[in-house]
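Protein chains in written order, with the working numbering: chain A, 1 to 107; chain B, 108 to 214.
None of these hints come from the bench; they were simulated from the model.
In this text the structure is predicted, and so the values were computed from the model without any measurement.
Certain hints may be false.
Said to hold, decoys possible - Covered by chain A, per the in silico footprint, the following chain B stretches (three or more residues, Cβ under 8 Å):
1. 124-138
2. 171-180
Claimed, not checked - Subject to a maximum C-alpha distance of 25 Å in a straight line, what follows is the list of computed PhoX-like cross-link-like pairs (lysine-lysine):
3. K149/B x K75/A
4. K38/A x K65/A
5. K145/B x K75/A
6. K172/B x K38/A
7. K190/B x K83/A
8. K182/B x K38/A
Backbone N, C-alpha and C define an ideal beta-carbon position, used for all residues, glycine too.
Number of protein chains: 2
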Amino acid sequence: MSAVMHHTSEASAELQRLRDSIDNLDAVLVHTLAERFKYTQKVGELKAQHSLPPADPIREATQIKRLRSLAETAKLDPDFAEKFLAFIVKEVIRHHEAISTAGGLKN
Amino acid sequence: MSAVMHHTSEASAELQRLRDSIDNLDAVLVHTLAERFKYTQKVGELKAQHSLPPADPIREATQIKRLRSLAETAKLDPDFAEKFLAFIVKEVIRHHEAISTAGGLKN
Numbered sequence: 001m002s003a004v005m006h007h008t009s010e011a012s013a014e015l016q017r018l019r020d021s022i023d024n025l026d027a028v029l030v031h032t033l034a035e036r037f038k039y040t041q042k043v044g045e046l047k048a049q050h051s052l053p054p055a056d057p058i059r060e061a062t063q064i065k066r067l068r069s070l071a072e073t074a075k076l077d078p079d080f081a082e083k084f085l086a087f088i089v090k091e092v093i094r095h096h097e098a099i100s101t102a103g104g105l106k107n
Numbered sequence: 108m109s110a111v112m113h114h115t116s117e118a119s120a121e122l123q124r125l126r127d128s129i130d131n132l133d134a135v136l137v138h139t140l141a142e143r144f145k146y147t148q149k150v151g152e153l154k155a156q157h158s159l160p161p162a163d164p165i166r167e168a169t170q171i172k173r174l175r176s177l178a179e180t181a182k183l184d185p186d187f188a189e190k191f192l193a194f195i196v197k198e199v200i201r202h203h204e205a206i207s208t209a210g211g212l213k214n
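Same shape as in the complex, but just chain A (with noise of 0.2 Å):
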């Protein structure tokens, strides 16, 4: 019994020392997108501001590429990458809708 207790209590520590790790990653992952959708903004008003189209397929299309391999080199799944990356997009684009409104702006 002491022995399952004490198995236990090092797992249950070793659990705590993976979850510090992973908040610790969190707070980049936070603080990261927040900085990404800065930019985005900015690219958001220069778009307005020049009359750009907010769609730019070719764009997308090596954002994709470059995010794929990236991955791979990385040891994430590539198509998870893909699907984060249409994640982020759909947000970047909700912002942009809202700066359009808010500018009176053409897309």
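The hints should help you fit chain B onto chain A, whose structure is shown.
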């Protein structure tokens, strides 16, 4: 006409600068996610070894609260941060199910 051309070319250079920064931040995101999945993979293995339940509602509630607070500090939409965590966790669960199936271990 020449002024317009100049204007457009400046906008185009600025757009490229912004996109270069976005690409750099995407590389940070991909590598951080790859590192995060290494830790959640270890969590999954530890939980399977010790027959711990895969889901932990208290941990999840703490994570959501923490991430929303970090997002506010970083001026990121807290609702987006929460959606982002849910998106990542969905992928983690997919990995854990794969561990569970591969090891023939009970959930």
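Now for the hints, and whether the structure bears them out:
1. 124-138: It holds, with 12 qualifying residues against the three required.
2. 171-180: Since 4 is at least three, the answer is holds.
3. K149/B x K75/A: Roughly 15 Å separates the two Cα atoms, so the pair holds.
4. K38/A x K65/A: Holds, at roughly 23 Å.
5. K145/B x K75/A: Roughly 10 Å between the alpha carbons, so the hint for K145/B and K75/A holds.
6. K172/B x K38/A: Roughly 23 Å separates the two Cα atoms, so the pair holds.
7. K190/B x K83/A: Holds, at about 14 Å.
8. K182/B x K38/A: holds, 10 Å
The earlier numbered hints are all upheld by this structure, with none contradicted.
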